Amino acid sequence: MIELPLEGITVLEFSQYLSGPSAGLRLADLGARVIKIEQPNGGDAGRKLAIKNLWVDESSLLFHTVNRNKESFTADLKNADDLNLVKKLIAKADVLIHNFRPGVMQKRGLDYGSVKEINPRIIYAEISGYGKEGPWKNKPGQDLLLQSMTGLTYTTGNGSSSPVPFGIAIADILSGAQLVQGIIAGLIRRQKNGIGALIEISLLESLLDFQFELLTTYYTNSQPPQRSYHSNGHPLLSAPYGIYKTADGYIALAMMDIHALANSIDCKVLEEFSKEQAFAQRDKIKAILTEHLSLQSTEYWLTRLQKDGLWAMEVFDWEKMMNHEAYKCLQMEQIINANDKKIVTTRCPIRINGERLYTDKPAPKLGEHNAQVINELV
Amino acid sequence: MMLLKDILVIDFSQFLSGPSASLRLADMGAQVIKIEKPGTGDICRQLYVSDVVIEGESTIFHAINRNKQSYAADLKDAHDLEKVIQLLSKADILIHNFRPGVMERIGLDYETVKTINSGIIYAEINGYGSEGPWKDLPGQDLLLQAASGLTWLSNNNNENPTPMGVAVVDIMAGTHIVQGILAALYKKGITGEGALVQVSMFESVLDFQFEVLTCYYNDGNQLPVRSAINSGHAYVAAPYGIYKTKDNYIALAMTNIVRLAELLHCEPLKQFAHSNDWFDKRDEIKEILANHLKENTSRHWLTILEQADIWCAPVMDYDLMMKEEGYRVINMEITVKTSNGLSVKTTRCPLRVDGKQLISLKGAPLLGEHNQEIEKQFGLEKELQPAIKN
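Chains as they are written, first to last, in the numbering used here: chain A, 3 to 380; chain B, 2 to 391.
Looking at chain B on its own, in the form it has when it is part of the complex (with noise of 0.2 Å):
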């Protein structure tokens, strides 16, 4: 039985915070229907990355919402919107980002859809949280970066502050949000009440910088100082970063710099002997280190450093990643298909249940596909009658 066999969660998010939350729901087993506007649907359809397009749609549209289904309704017609509201009044789940205020003028908040359905769990996503000065802007990735001082934390001293190259607030907002949701439908199996799940992705970036803000609150307030090269961290001590060898690169993780300096035979490290000096000298250490590495090949260190139990690795791209046994053990990658033929090669749900890989094969939804048989599973036509004729 698959953990959230059953459960029927109805979702108007876009892009990827929300829609990234709903996903693992499907993954989990949940019905997944995404309430998308006739016409466009879902921005995130339309948005291409890299020039590249399946079948007039974005390739991150399918990564994202593999596993669901798409009814199609105008929120502002009050024959959609009815239908709309009988599909709530059986949901165990609403999840929706639009900016604050949007579900209110829809007439879809919290207090209205608990009167509809008392039971249900409604959760949502927003930039920064329901008040003060930034609750209109929008809840984008980037500029969640900007405004947390996540982008200071990364890259060399030298450099701009550099943001993650992966939408992180997006998905750590998602994942938040999931939590959440999953939390209080457990609640609920006790009480037979729903709630309101809130979680702003300002509230997910900081908490996602927990360890070194908590440092921040505590040590007098001083910023953090990024190591001048090979940075990996800026508040852990030499060697932790990524070195070039003479073919490529390796990363070195916490280690003792002296064990260090005698397994790669480099003498002028030696005279770093005391651990304290492994932070507050780290970056003369790193440049010790970054000479003595290009010296040789990745292999070769790996190689000696390996045997020793120290903390490396070889650092791959895709590519070299994709060739390695390690890589391919552990069965990461599905192929879905679409109901028009298509087939998208992506990755699965990272958990496990049981010993078993939560595999899916049901590609992305058209948009609206499945309008019938979802106004079929739920009778909406059927009830609609004294509606319509009133």
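Bound-form chain A, shown alone (with noise of 0.2 Å):
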């Protein structure tokens, strides 16, 4: 087992769900100990949301997966004895993680201003929905909504079809991995100059982030994204950007010469548009494209396109993409022991020196390791 990057440092986690929870998550895969703060009673509500009814104890399987490697300890925030602990915890601490909404920390005592007074050197970072100020700020930060606030449902999907959102809740772990980022180089500079820092984001700012190349060409010629009527891979790329049907499956081609394609798939039609049309006329070649690409089978016209060096891809479902030697080689599932049951989850996607990072190091129980924590930190 290598050293990790950031053995040394205790995180306390006052956060929920997944945004704020997946920050500690990073932050506990690359050698941070992470202690979740929870209310007693219930704790981190993400311990009562199961997908699909799957539950490893009196938590679900998807708290399991997101909490994995950290410690629970809990305290009643609105209680004075518990706060003092919880005050105590944070002169130890290096990192503070929340993600309630705007308010909720001041009326217990713990913003910014006051964590600073116990420990100047804390790095306190926090996750909001909607940032602090303006006529959303209380509006709850909920992943499906934050999609459909900043315009991402327009981007995918065909022309034809309403919005659609992305089916991984991208606002939450996008915010939670730039939040990971703040923090660490937080830590960075207090190793310089001894200070901590505030680092904060918001779902808002991180899904227009996420939109960047977009918004920038939005900006630039007043014209929002277009999705293409047919095989809508990007609203910006011209053709044949897109997944198409096969005889037998689907086949995903990226960004690629449209008369190399042309020859490649030997597809007559396709040599009247010139590279110039392929943006423009986008809607025709798809078209062009989904009949004749529907004529062989997915392994018939891959073979053609990767011999020409063109980008294409079979599209794999996981249960194709695990049984690939490609996805077998990475090593990337590990498995947690949570008291008597074995869950296999994913492993952190960082590799340092050379290593894979593994722990089996279960999510905790609620409040597990209170005196774990009293006897070492207080």
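Note that these hints are calculated values from the structure, not bench results.
None of the values given here were measured: they were computed from a predicted structure.
Yeah, the Cβ is synthetic: ideal placement off N, Cα and C, and Gly gets one too.
Mixed in with the good hints, there may be bad ones.
[Stated by the list, open to error] Label pairs and their calculated CB-CB ranges:
1) B:G102 x A:D78: 25 to 31 Å
2) A:K343 x B:L224: 19 to 25 Å
3) A:T292 x B:D75: 42 to 48 Å
Hints in hand, dock the two standalone chains.
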């Protein structure tokens, strides 16, 4: 086991659901000690949020996925004694993360100003839905709603469809990942000047940043991005960019010269289009491709396209992907030992000095580490 | 003090994954030098999108490469390579996203660079890792979405597998490499030692799916089924999704169906009293809801639902969003300027530090724009004299 880069760092995570906890998870995988500060009555609401009704113990599989490799400390922040204990933890911590709505931490006396008094070296990191000012500041920071408010749902699906959301909680995951960037950069500055930092992000800013290519193009030409009518892959890109049905499956075609494509798949009609028309005429080109590619198998097309060095790929589902050597050799899966149950999950995607980072430490039971944390830190 | 003040990044990467990583480092205060091939440079300079061109270059190049410097060097030329090596001897971070083997051929693989600068953080992004049957395939966003099962998670079930319409794999891989780079840099502050940090786009897009993949690993390998209509998330119960109204669309997140039925005066919904039904019968529920919601305007429904604290939102395109005070108040737009006087409006870094937005108005560099400045700053020519004589 290699020595992890964030060993020695203590993180207090006052977060629920996904955005904040996904940040805590990455810090844990990079070596930090992450302690969830939870309400004694139920704790992180994510414990009771299950998908497909899958449970590990009194907490859901989903909770276990997001909170493995962490500890749990229960404290009722409305109780003066508990709050005092938490403040003692804050005095020892390097990082504090929360994702409460604006005002909640102030009410508990745990806003940045107060926390800085206790520990001027702390990196205080917070995720909100829409920032702390403006008419949206009290809206719930929920992923689908943010996708809908930021134009993102008009990037996906075909032009004839309703707006289509991303089927993954992109706002939560990205904002959590970006918060981690700010937190560690804050720790780096602290090594030099000894002073902590306030790091803030909102789901709104994360999703706008995520769309920076589309927004910059929009700011330049004032045209909202248009999804193509067939096989939309990215609203800014020319034909053939997208996914097409074949005789036995689906194939993805990325950027490529339209004449090289015509030649490779023997599609004479395509030769009528010039390179310059690949964006303006993309619906026509894609309609031709849709018909042409449906005639042969994925394997048939892929062999030709890859032989010609054109960017194409078979579309896999997880079953097919997991049977492929290219997936297996990543060794992306790891086993978590949650008491008597074994949970298979993914590992951290970052490799350090050639090593994959694994840990089998499960998510904590509510308050599991109270005694240990008090013993070691108070 | 900027978080990454005095940190020097030498960036060999092209397109989006690597350059989006160095953009974040630049915004947090690092000096980022793009090493570009003379004549053409980063291929992204010519990647025009949507038929929009700014001064002969693509809009997205300007968005991705603002706040950086450009140093043109032909890595196949010994003299140029020597200067780049001099730069690397002073750098904190190297980033590249070449395919496996390219840096080895140039002589800038980690083992070699480590002998020049043992403290360097050497960061690489590739498509599918450096082993296995796909290692030489192009690390291209859509193709990674296709390879990783991601396209089976969005859109309605009768639709083709549907890619996400933003380069999500590039962006996640760039985000992950920054996390790894900074963690290694933190550790270097303690030990003085550098590190090799690697991320593949494949591992990044699997991590992106960690919640649902973990479900798949543990539920007996049942493939995800997207809902038949109004699909929002393959694993989430009704009403989660987007619904057409009389004048536009609204989004509904997780909500108690019975309560929703009461608030919307939608009688047929009331039969779904058990929360298990909300997942098992989500297509039925969504169909009833969809028929009901199209009878009135977005404003009408949202007024009712917002008052009751139901998780809902209007669905907006960019035109609508820009008119909203909630968008304007966060000041996400910046206008950067290039050295030849061109102004480009783009977005700023999403992070705020010590209550301040991180704003730099420096535009993307012209190809090789900073060669002289960099040679002077790092004394490259001077140090090279003996080598040339030899």
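Status of the hints after comparison with the structure:
1. Between G102 of chain B and D78 of chain A the C-beta distance comes to about 58 Å, which lies outside the given range of 25 to 31 Å.
2. Checked against the given bound of 19 to 25 Å, the beta carbons of K343 of chain A and L224 of chain B, roughly 23 Å apart, stay inside it.
3. At roughly 43 Å, the beta-carbon separation of T292 of chain A and D75 of chain B lies within the given 42 to 48 Å, and the hint holds.
When held up to the earlier numbered hints, the structure conflicts with hint 1 and nothing else.
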